[in-house]
Structures are given as structure tokens and as C-alpha cells.
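Engineer: Sequence:
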Amino acid sequence: MLSGRHFKIGGGHFKKDGRYLITQGRHFKKRLLKRALPRMKSMSWWQTSCLLVTSPNGVLYLLYKRCPNVLKRLHKILQSAWNNIKVSKEWMTAEGVYIPKEQNSKDINQFRPISLLNVEGKIFFSVMATRLTKYLTENGYINTSVQKGGIPGVSGCLEHATMIWEAIQRAKSEKLNLNVVWLDLANAYGSVPHGMIQLALRMYHVPEDIQVMLDDYFSGFCMRFSTSDYTTNWINLEVGIAMGCTISPILFVMAMEVILKAAEGSAGPANLGGGCSMPPLKTFMDDTTIICSKEEETRRMLARLDLLMTWCRMKFKPKKSRSLSIRKGKIEEAVTFTVAEQQTPTVSQEPVKSLGRWYDSSMKDTRRGVETVQFASEGLLAINKCGIQSKFKVWCLQFMLIPKLPWPLLVYDICCSTVESIEVKINKYTRKWLGVPPGLSDVATYCRKAKLKLPMKSILEEYKCGKVRLVTLLEESDDPVVKTVQPSIKTGRKWKVAEAIDEAKECLRLKEVIGQTQTDRKGLGSSSVKWWSKTEGKEKRDMVIDEVRQREDVRRIQKAVQQPQQGQWTNWDSAIQRSLTWKDIWQMTPLRISFLIRSVYDLLPPNANLVRWGKKDDPTCPLCHGR
Numbered sequence: 001m002l003s004g005r006h007f008k009i010g011g012g013h014f015k016k017d018g019r020y021l022i023t024q025g026r027h028f029k030k031r032l033l034k035r036a037l038p039r040m041k042s043m044s045w046w047q048t049s050c051l052l053v054t055s056p057n058g059v060l061y062l063l064y065k066r067c068p069n070v071l072k073r074l075h076k077i078l079q080s081a082w083n084n085i086k087v088s089k090e091w092m093t094a095e096g097v098y099i100p101k102e103q104n105s106k107d108i109n110q111f112r113p114i115s116l117l118n119v120e121g122k123i124f125f126s127v128m129a130t131r132l133t134k135y136l137t138e139n140g141y142i143n144t145s146v147q148k149g150g151i152p153g154v155s156g157c158l159e160h161a162t163m164i165w166e167a168i169q170r171a172k173s174e175k176l177n178l179n180v181v182w183l184d185l186a187n188a189y190g191s192v193p194h195g196m197i198q199l200a201l202r203m204y205h206v207p208e209d210i211q212v213m214l215d216d217y218f219s220g221f222c223m224r225f226s227t228s229d230y231t232t233n234w235i236n237l238e239v240g241i242a243m244g245c246t247i248s249p250i251l252f253v254m255a256m257e258v259i260l261k262a263a264e265g266s267a268g269p270a271n272l273g274g275g276c277s278m279p280p281l282k283t284f285m286d287d288t289t290i291i292c293s294k295e296e297e298t299r300r301m302l303a304r305l306d307l308l309m310t311w312c313r314m315k316f317k318p319k320k321s322r323s324l325s326i327r328k329g330k331i332e333e334a335v336t337f338t339v340a341e342q343q344t345p346t347v348s349q350e351p352v353k354s355l356g357r358w359y360d361s362s363m364k365d366t367r368r369g370v371e372t373v374q375f376a377s378e379g380l381l382a383i384n385k386c387g388i389q390s391k392f393k394v395w396c397l398q399f400m401l402i403p404k405l406p407w408p409l410l411v412y413d414i415c416c417s418t419v420e421s422i423e424v425k426i427n428k429y430t431r432k433w434l435g436v437p438p439g440l441s442d443v444a445t446y447c448r449k450a451k452l453k454l455p456m457k458s459i460l461e462e463y464k465c466g467k468v469r470l471v472t473l474l475e476e477s478d479d480p481v482v483k484t485v486q487p488s489i490k491t492g493r494k495w496k497v498a499e500a501i502d503e504a505k506e507c508l509r510l511k512e513v514i515g516q517t518q519t520d521r522k523g524l525g526s527s528s529v530k531w532w533s534k535t536e537g538k539e540k541r542d543m544v545i546d547e548v549r550q551r552e553d554v555r556r557i558q559k560a561v562q563q564p565q566q567g568q569w570t571n572w573d574s575a576i577q578r579s580l581t582w583k584d585i586w587q588m589t590p591l592r593i594s595f596l597i598r599s600v601y602d603l604l605p606p607n608a609n610l611v612r613w614g615k616k617d618d619p620t621c622p623l624c625h626g627r
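Positions 1 to 627 (UniProt numbering) are the ones given, in order, by the sequence shown.
Hints were generated in silico from the structure; no laboratory data involved.
Treat the hints loosely; a few may be bogus.
[As the list claims (entries may be wrong)] DEER-style ranges, computed between Cβ atoms: (1) L307 <-> D546: 47 to 57 Å; (2) K261 <-> K483: 20 to 30 Å; (3) T581 <-> K101: 32 to 42 Å; (4) S361 <-> G58: 34 to 44 Å; (5) G58 <-> R521: 36 to 46 Å; (6) G265 <-> K428: 33 to 43 Å; (7) E295 <-> E350: 17 to 27 Å; (8) N83 <-> F225: 27 to 37 Å.
[Said to hold, decoys possible] Heads up, simulated BS3-like pairs for lysine-lysine below, C-alpha to C-alpha not over 25 Å straight-line: (9) K175 <-> K294; (10) K404 <-> K330; (11) K425 <-> K453; (12) K425 <-> K175.
By construction, the Cβ of each residue, glycine as well, lies at the ideal position given by its N, Cα and C atoms.
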């Protein structure tokens, strides 16, 4: 808690008179301004293209990324606004765009309004949001065991989804009582009163100058919407916060935190057995989940939240909310709950999707595995029917279909054998599109140490690395509840993620004991090496994932050594590896790509291979007559 004249934030303080919100000095730091700009190196191609989208005043992010002198000018302007506690009117105007929430959206309620704001204002409020977030987290104002949305460095969606599923599985296996209610907030961003935001700012002792700037910002905020036929007049934002503004997420989290703190005493922790318990509330931004062991506590919590939302002039959607009641490990259909004086459907009546995960009455993920296989099969068929060249079909597979598969494979308990069946289907179409024989090994497609390296991703390898990343994230979580419960991640009998992580860690420790060795002609010490004992956090997690990838490559090489024909490249000691990029593939004709792959893996049709395949009887070459 904060006390005294100053309020700490990072390396600096909040002054009690609210004159400045500072970090290590009085000024609006230029280094914070650079951090607010998107980092292009870590962006994908479609994220980079977002930098080229014009704002209402026609200025791009790219201008400030590429022009240092213009950035200096912007720094002076923003510093002046910061010191004089002024918000430009140009930052308060936005062009509104409606985007659909779901497929086949027709009604206005099925669309979400997004505000297109000027870049300068977004940068200014991004710096303010960064400082405000750091202030709230360092002073413990946000309970990350309950609210994980909008907090940098916290994988809130994964942690909450995993913990909720773990609670359901423990109640099922240990025959416990559990009540779970998923609540959906109606028009979450658009219904937060401005008075609620000011109350949260005062409650958390945010300086008055920041309160004044935010009050001026939202009181003067106006937007308009344009269609092909007409443009509306400017509309004042009298209630709610703008989606698309960089300060909005943390302000929404603060407003929700006020409500959650007022309701958290209505129920005790949920009992998960084995001495483990879980807070009764799990929230990610506006997605709220109630988890209680007793039915009376669940109803009391619902009534309290409903009362608080009514007081805030906000409300839940009963039709989109769901409930699940477990009695001694089995679902109790007779128990229902009421939200906003309406009965919520149960997951037996209508399954619910929360935080990217589906929940139904089976309390299993078997159906999700079947749906994932079906989705992959339908995607492969759709790509195969496209009237484009085969090499572009491979690109569509790698950049359009495969990126959609890791998420369901990550959050659901899908066994390794199911993922292998997906990879078999992918390999079948990949060989067809590359114009190579059906017998080509997957070593040729995915091995990174082969003499011909292709830019392909293995869905099985991505599945294993995703599970390893999830387990290490949960192990290194700052949430004490996650560390205490230690949720189990099931991957089937064929491959176990816990064993893979232990083996990877042992290999990394052994490498540190052996020390740095010379592996090429560059010389000892020419490259830097990361040691297991000297890394922590994300670096240590990345080392484990890289080790798992290397072990997958070793498995492929072992498979290649056992292949007398396609594995001949393992004996080419003097051959230099050739790595094909997508640019190279685009510039090559399909027949040349096919010839290159078949020549490396001895799948061209000389007489010796034709005899081996049963196509000819005489192995003599017709050109040299056996000489």
C-alpha cells in the first residue's frame, strides 16, 4: 500500500500535488516514446501492414519509426502536453468502424464499434497506460489470481482456461461438489460509466492531474460513422470507453477491479481436494467466471455481482451466460442459477465457449479432438480445390491452415496419436503438391539438418513445443494459486510432456557441465552460448523449447540413417547444406522443385529405381549399356 507524500511508480514517484507523473525525472522521456511505437522486427507480415493504415489525420506509425527528426518534434509536442496537463482536441475525435463479432452478422448488436484515432494521441496515451499499469501492479492493486486481463507478461487467457478446466476435472475424478457459472457482460466497453472510471482512479490514488487529463479526454471524446451513402454527425461519447484507444484496456481493468473487490467476500475459495483451493472469481477483462463449492455461495455471489452491475448501470446477458453444477463428480441437471432475474442455460442445454475453450456436459475433450481433425481435413480439401499452382497451395497450407491448428491443440487435452493422424493427412497433400512420390519420408519435409532444408513446419513438432511452453508457463507463473494446484496436462500414452521437459532440462544441464566446444571452423569462443544456470524467465523457457526441437531433429536423423535409399545424404560429409526459402520456391518452376527434392533423396526414375519399384526387369542403363 502507498503512504506518505509520494506515490511510487517504477523508478520515480507520483507527487502528492499531482503535478507530474514521472519516471526518473520530470520530463516525458523519449525512450518511453520509442517503446510506445510498434516493434517491426517482432511483427509478422500482416502486423507490419497495419503500420501502413492511415489515421484520421493521414499520419502513419511508419513516419515516426523511420524519421528520427520527426520523432524529436513529436517528443517536444507530447512533452509540452504532458507538462501543461492538456489533451489535444485532435486526439479526442475518432472515425468509427463496425466489425462483426461472429459470422453472418446482420443486426447492429452483432457488430463491435472500433475507433480509428490519430497516431500521436495513441502514442501519448500508450505511455500513460504503461506507467499506470506498472504503478498498479507494483503496488499490488490488481489481484492477478483473479484478474489477468491487460497485465503485461501474464498469459492470463491460458492460465485461467487451464485452471477452470483443472477444477472441473478434479471435481469429476475426486467426486467433489462444484458450481461453475460463466457470465457474459453486455456491451462491456460501451457501458462503463465515466464516473466509474473516475471512482477507480481516486480509489487507487492516481494523481489529480492524470484524473483531469482523462476526464477532459472522455468528456470531449466524439466519433462518427461513415457508410457508402452517408456520414453521421459527430456523436459525443457520454458513456463507455473507446475500443481502439491505448488507455482504454487498463481503465476497464481498474473499473472491473473495483467491482470484483466489492464482490470477492461473498463466497469462500473453491475446494479442489488435496488441500488445494481456488478463488471464487476468475476474470479476464470482462469474461467473468464464478467457481464455488457450495450452491448457496454461488447464488450469493451472483446476487452480489448483479447488484453491483446494476449500481454501475451495467448488466449481464443471461442468454449468453452458462452454468455447470457437479454433485459428487456427476452433473446435476436440476440445479440452475438466475442472472438479472432470468434463468441461465446449462452447458448440457447449450455448450459455452470461454477464453477460447469450449465446455459441454461430457466434461471431456474427445469431441474437440474429432472436430480438430475434421477442421484440418476440410481445410486441406479446400486448399486442394483452389485453382492455383501447387507450390502456392503449399504456402497456403503453411501460412493459412497450420497457424489455426496450434491453439486447439494447445488448450484441449488432445493425445499425440490424434496429432500424428493430422500430420499424415498434411504430408499426403504436401507430397502431392510438391510433385514427389507418395513414399517420400517426412524427414525430407521437416528435418532442419538435412542437406536440402525446406521451409516447412511440422504440426506434430508445433504441438509438442506448444505443450512444453504451456507447462513451463504454468510452472513459472507468478500466481501462487497456479503453483499450488499444479494443473496436469494430458498428452496421451505415446508422448508425455513432463518427461520431455525433464529430458530437455537434463540435456541443458549436461551441456553446461561439458562446457563450450568447437563445432565448426570459426574457432572456439567465436559464438556466445547461453548457460542453463545463468538464464531465467522467458530465456529459460525458450531454451527448453529449442532443446525439444533439437531432439525432434535427432529423431528424424535417426530415422533417415535407417533408410538405405532416401537416407544416403547422411553420408555426404563434404556436401554443403542448401536451405530453400519461400522466395526461392516462388521463383522456381514446379518441375524444378520436384526434381531437386527427388534428386537429393534418390527418387528419380533411373533403371535401378525402376527395377526396385517393379516397373522394369532389366537394370542396365540404355545410354551406357552397363558400362
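Engineer: Hint by hint, note whether the structure agrees.
Structural biologist: Hint-by-hint comparison with the structure:
1. As the Cβ distance of L307 to D546 is approximately 51 Å, the hint placing it in 47 to 57 Å holds.
2. Hint check: K261 to K483, Cβ distance near 23 Å, so the stated range 20 to 30 Å holds.
3. Our hint of 32 to 42 Å for T581 and K101 holds, since their Cβ atoms are close to 38 Å apart.
4. Here the CB-CB span from S361 to G58 is close to 53 Å, at odds with the stated 34 to 44 Å.
5. Distance hint for G58 and R521: a CB-CB separation of about 53 Å, inconsistent with the stated range 36 to 46 Å.
6. For G265 and K428, the Cβ-Cβ distance of about 58 Å falls outside the hinted range of 33 to 43 Å, so the restraint is violated.
7. Hint check: E295 to E350, Cβ distance near 21 Å, so the stated range 17 to 27 Å holds.
8. For N83 paired with F225, a C-beta distance near 35 Å keeps the hint of 27 to 37 Å intact.
9. Under the criterion of a C-alpha separation no larger than 25 Å, the hint pairing K175 with K294 is consistent with the structure, at around 14 Å.
10. Straight-line distance between C-alpha atoms of K404 and K330 comes to about 33 Å, which puts the hinted pair past the 25 Å bound.
11. A distance of roughly 21 Å separates the Cα atoms of K425 and K453; the hinted pair therefore holds under the 25 Å criterion.
12. For the suggested pair K425 and K175, the alpha carbons sit about 39 Å apart, so the restraint of at most 25 Å is broken.
Of the numbered hints given earlier, the model fails hints 4, 5, 6, 10, 12; all others are met.
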